[in-house]
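*Asks:* Sequence:
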Amino acid sequence: MSDTEIETALSAFIVLSAHLYLLLRKNKKPRQRRWWMTTHHKTRNQYDGTRLLSNLIQEPSGQFDNFCRMSSIDFEYLLQLIGPRIKKQDTVFRDSIPTKVRLAVTLRFLATGDSFKSLHYLFKISPQVISLIVPEVCKALCEALRSFVKMPQNEHEWLEIAREFEIKWQFPHCLGAIDGKHSL
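Numbering (our numbering), first residue to last: -6 to 177.
Any given hint could be a false lead.
Said to hold, decoys possible - No farther apart than 27 Å at their CA atoms in a straight line, the calculated lysine-lysine pairs in the BS3-like style are these:
id, residue 1, residue 2
1, LYS143, LYS161
2, LYS81, LYS161
3, LYS143, LYS110
4, LYS132, LYS110
5, LYS93, LYS81
6, LYS132, LYS161
7, LYS132, LYS80
8, LYS132, LYS93
9, LYS132, LYS143
10, LYS110, LYS93
11, LYS93, LYS80
As the list claims (entries may be wrong) - Ranges between beta-carbon positions, derived for each pair:
id, residue 1, residue 2, range
12, LYS80, SER47, 14 to 24 Å
13, LEU72, PRO165, 18 to 28 Å
14, SER47, VAL142, 28 to 38 Å
15, LYS110, VAL8, 42 to 52 Å
16, CYS131, SER10, 32 to 42 Å
17, LYS81, LEU15, 38 to 48 Å
Hints were generated in silico from the structure; no laboratory data involved. From the three backbone atoms N, C-alpha and C, an ideal C-beta is built for every residue, glycine too.
Given the sequences, and given the hints that come with them, work out the whole structure.
*Replies:* Structure follows, in structure tokens:
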């Protein structure tokens, strides 16, 4: 075959390939977009975290204490402290996630370290929304509880805490420990 025949065959191949690609693309059905909520999340008001929390609070066996790692009285106290800061307004499109559920999702995450995907199945809230809720509630908790926790104000106080921790627990250069969650 001569060079011109090869070029002609190659050109014909490219044109046919492009034509086939366009035909396949034209016949491909466009992906149907989802708007707002999946059906799994639309049933949130029937089987949501609010009912779960209510059921756990009513149980005398202390299941709520295990679930949130605090008593229901402490939970309600925290809710009163930060409720106005984390409350969202209902819209025409959908109801907002209640403050009680927002706090419970955050406490469950902090207590267990579960992934947002795992919490998504438990509370019927999308992982993307949970990723917005957790930092917001943590920030509100820090602001509300700032007066209850005294943080060291200077380097000397930090060093004193590290020295006391080393004396008591034989861990040098450590400033404290938190149960149930790895912290840096």
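*Asks:* Could you run down the list of hints and mark each one as holding or not?
*Replies:* Hints, verified against the model:
no.	hint	result
1	LYS143 - LYS161	holds, 20 Å
2	LYS81 - LYS161	violated, 45 Å
3	LYS143 - LYS110	violated, 34 Å
4	LYS132 - LYS110	holds, 22 Å
5	LYS93 - LYS81	holds, 12 Å
6	LYS132 - LYS161	violated, 31 Å
7	LYS132 - LYS80	holds, 13 Å
8	LYS132 - LYS93	holds, 16 Å
9	LYS132 - LYS143	holds, 17 Å
10	LYS110 - LYS93	holds, 20 Å
11	LYS93 - LYS80	holds, 9 Å
12	LYS80 - SER47: 14 to 24 Å	holds, 19 Å
13	LEU72 - PRO165: 18 to 28 Å	violated, 39 Å
14	SER47 - VAL142: 28 to 38 Å	holds, 30 Å
15	LYS110 - VAL8: 42 to 52 Å	holds, 47 Å
16	CYS131 - SER10: 32 to 42 Å	violated, 54 Å
17	LYS81 - LEU15: 38 to 48 Å	holds, 47 Å
Hint compliance for this structure: hints 2, 3, 6, 13 and 16 are not met, and every other hint is.
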